[in-house]
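A.B. asks: Working from the sequences, and respecting the hints, build out all of it.
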Amino acid sequence: MARFCLPRDLYHGKGALAELKNLKGKKAMICVGGGSMKRFGFLQKAEEYLKEAGFEVQLYEGIEPDPSVETVMKGAAAMEAFQPDWIIAMGGGSPIDAAKAMWIKYE
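Here the sequence shown is numbered in the working numbering, starting from 3 and rising by one per residue.
No wet-lab data here; the hints were simulated from the structure.
Even glycine gets a Cβ: it sits at the ideal position worked out from N, Cα and C.
Some clues are possibly wrong.
What the hints assert, rightly or not - Taking lysine-lysine and the DSBU-like style, the derived pairs with C-alpha atoms no more than 35 Å apart in a straight line are:
| hint | residue 1 | residue 2 |
| --- | --- | --- |
| 1 | Lys-26 | Lys-102 |
| 2 | Lys-28 | Lys-16 |
| 3 | Lys-102 | Lys-53 |
| 4 | Lys-23 | Lys-53 |
| 5 | Lys-16 | Lys-102 |
| 6 | Lys-26 | Lys-40 |
| 7 | Lys-16 | Lys-47 |
| 8 | Lys-23 | Lys-76 |
| 9 | Lys-29 | Lys-102 |
| 10 | Lys-53 | Lys-107 |
| 11 | Lys-29 | Lys-76 |
| 12 | Lys-40 | Lys-76 |
| 13 | Lys-28 | Lys-47 |
| 14 | Lys-40 | Lys-107 |
| 15 | Lys-53 | Lys-29 |
| 16 | Lys-29 | Lys-47 |
| 17 | Lys-28 | Lys-40 |
| 18 | Lys-107 | Lys-29 |
| 19 | Lys-16 | Lys-76 |
| 20 | Lys-16 | Lys-29 |
| 21 | Lys-47 | Lys-107 |
| 22 | Lys-107 | Lys-28 |
| 23 | Lys-53 | Lys-16 |
| 24 | Lys-53 | Lys-76 |
| 25 | Lys-107 | Lys-23 |
| 26 | Lys-102 | Lys-28 |
| 27 | Lys-107 | Lys-26 |
| 28 | Lys-26 | Lys-47 |
| 29 | Lys-26 | Lys-76 |
Stated by the list, open to error - Between beta-carbon pairs, the in silico distance windows are:
| hint | residue 1 | residue 2 | range |
| --- | --- | --- | --- |
| 30 | Arg-5 | Phe-44 | 32 to 40 Å |
| 31 | Leu-25 | Arg-5 | 21 to 29 Å |
| 32 | Ala-4 | Lys-53 | 34 to 42 Å |
| 33 | Arg-41 | Gly-95 | 27 to 35 Å |
| 34 | Gly-27 | Ile-106 | 13 to 21 Å |
| 35 | Ala-20 | Lys-102 | 17 to 25 Å |
| 36 | Lys-76 | Asn-24 | 23 to 31 Å |
| 37 | Gly-36 | Arg-5 | 31 to 39 Å |
C.D. replies: Here it is as structure tokens:
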């Protein structure tokens with residue numbers, strides 16, 4: 003029998019992005035969908051906080067609604083190459099679901 007445990011922490015709301023400054027590690031991958039996170043400045047702020055904490059940051063952008071297997075596999079390959087300590091999904095359910103699936107393949 004196999005067991006899969008999803009991450010227990012989802013941060014949202016006022017002040018959530020600032021929590022990124024408190025993470026420990028060296029590398030973080032941010033997974034995002036369309037352009038709204040970028041348009042409204044959230045992606046830039048997340049990158050700034052992570053870099054302030056000493057992280058090297060890589061983006062995986064363009065996750066479509068109802069992410070395809072191809073998107074997940076490409077993201078998992080990017081994670082395998084980059085070896086992030088943290089996987090951060092921003093936006094709606096699709097980037098979050100895709101990041102979880104990528105993590106399964108990456109781990």
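A.B. asks: All the hints need checking, so say for each whether the structure fits it.
C.D. replies: Outcome of the hint check:
1. A distance of roughly 20 Å separates the Cα atoms of Lys-26 and Lys-102; the hinted pair therefore holds under the 35 Å criterion.
2. Annotation: proposed proximity of Lys-28 to Lys-16 holds, straight-line Cα distance about 25 Å (limit 35 Å).
3. This hinted pair checks out: Lys-102 and Lys-53 have alpha carbons roughly 23 Å apart, not beyond 35 Å.
4. About 8 Å separates the Cα atoms of Lys-23 and Lys-53, which keeps this hinted pair within 35 Å; it holds.
5. Under the criterion of a C-alpha separation no larger than 35 Å, the hint pairing Lys-16 with Lys-102 is consistent with the structure, at around 23 Å.
6. At roughly 24 Å between alpha-carbon atoms, Lys-26 and Lys-40 fall within 35 Å of each other, so this suggested pair holds.
7. Our distance criterion of 35 Å between C-alpha atoms is met by Lys-16 and Lys-47, whose separation comes to about 13 Å.
8. Distance restraint check for Lys-23 and Lys-76: the Cα-Cα separation of roughly 28 Å lies within the 35 Å cut-off, and the hinted pair is therefore satisfied.
9. A C-alpha spacing of about 17 Å is found between Lys-29 and Lys-102, which places the hinted pair at or below 35 Å, so the restraint holds.
10. Taking the CA atoms of Lys-53 and Lys-107, the gap is about 26 Å. The hint holds against a cut of 35 Å.
11. Taking the CA atoms of Lys-29 and Lys-76, the gap is near 18 Å; set against the 35 Å cutoff, the hint holds.
12. At most 35 Å may separate the alpha-carbon atoms for a hinted pair to count; Lys-40 and Lys-76 meet this at roughly 21 Å.
13. The straight-line distance between the Cα atoms of Lys-28 and Lys-47 is roughly 18 Å, inside the 35 Å bound, and the hint therefore holds.
14. Restraint check: the Cα-Cα separation between Lys-40 and Lys-107 comes to about 26 Å, which is no more than 35 Å; the hinted pair holds.
15. For the given pair, Lys-53 sits about 10 Å from Lys-29 by alpha-carbon distance, which is consistent with the 35 Å threshold.
16. Taking the CA atoms of Lys-29 and Lys-47, the gap is about 16 Å. The hint holds against a cut of 35 Å.
17. With a CA separation close to 23 Å, the supplied pair Lys-28 and Lys-40 stays within the 35 Å bound.
18. The straight-line distance between the Cα atoms of Lys-107 and Lys-29 is roughly 18 Å, inside the 35 Å bound, and the hint therefore holds.
19. Simply put, Lys-16 and Lys-76 have alpha-carbon atoms about 32 Å apart, close enough for the 35 Å limit, and the pair holds.
20. The straight-line distance between the Cα atoms of Lys-16 and Lys-29 is roughly 24 Å, inside the 35 Å bound, and the hint therefore holds.
21. Taking the CA atoms of Lys-47 and Lys-107, the gap is near 28 Å; set against the 35 Å cutoff, the hint holds.
22. Taking the CA atoms of Lys-107 and Lys-28, the gap is near 21 Å; set against the 35 Å cutoff, the hint holds.
23. Annotation: proposed proximity of Lys-53 to Lys-16 holds, straight-line Cα distance about 20 Å (limit 35 Å).
24. Taking the CA atoms of Lys-53 and Lys-76, the gap is about 24 Å. The hint holds against a cut of 35 Å.
25. Restraint check for Lys-107 and Lys-23: the C-alpha separation of about 27 Å stays at or below 35 Å, so the hint holds.
26. Between Lys-102 and Lys-28, the direct Cα distance comes to roughly 20 Å. Compliance with the 35 Å bound is thereby established for this hinted pair.
27. Distance restraint check for Lys-107 and Lys-26: the Cα-Cα separation of roughly 23 Å lies within the 35 Å cut-off, and the hinted pair is therefore satisfied.
28. Straight-line distance between C-alpha atoms of Lys-26 and Lys-47 comes to about 18 Å, which keeps the hinted pair within the 35 Å bound.
29. Distance hint between Lys-26 and Lys-76 is fulfilled; the C-alpha atoms sit about 26 Å from each other, no more than 35 Å.
30. Checked against the given bound of 32 to 40 Å, the beta carbons of Arg-5 and Phe-44, roughly 33 Å apart, stay inside it.
31. In this structure the supplied range 21 to 29 Å holds for Leu-25 paired with Arg-5, their Cβ-Cβ distance being about 25 Å.
32. Checking the proposed 34 to 42 Å range against Ala-4 and Lys-53 shows it holds: the Cβ atoms sit about 37 Å from each other.
33. Range check, Arg-41 to Gly-95: Cβ separation about 19 Å, and the 27 to 35 Å hint is violated.
34. For the hinted restraint 13 to 21 Å between Gly-27 and Ile-106, the CB-CB distance of approximately 20 Å keeps it satisfied.
35. Between Ala-20 and Lys-102, the C-beta spacing of about 23 Å keeps the proposed range 17 to 25 Å intact.
36. Evaluation of the 23 to 31 Å hint for Lys-76 and Asn-24 yields a pass: the beta carbon distance comes to about 30 Å.
37. Between Gly-36 and Arg-5 the beta carbon distance is about 33 Å. The supplied range of 31 to 39 Å therefore holds.
Hint 33 alone, counting from the list given before, is not met by this structure.
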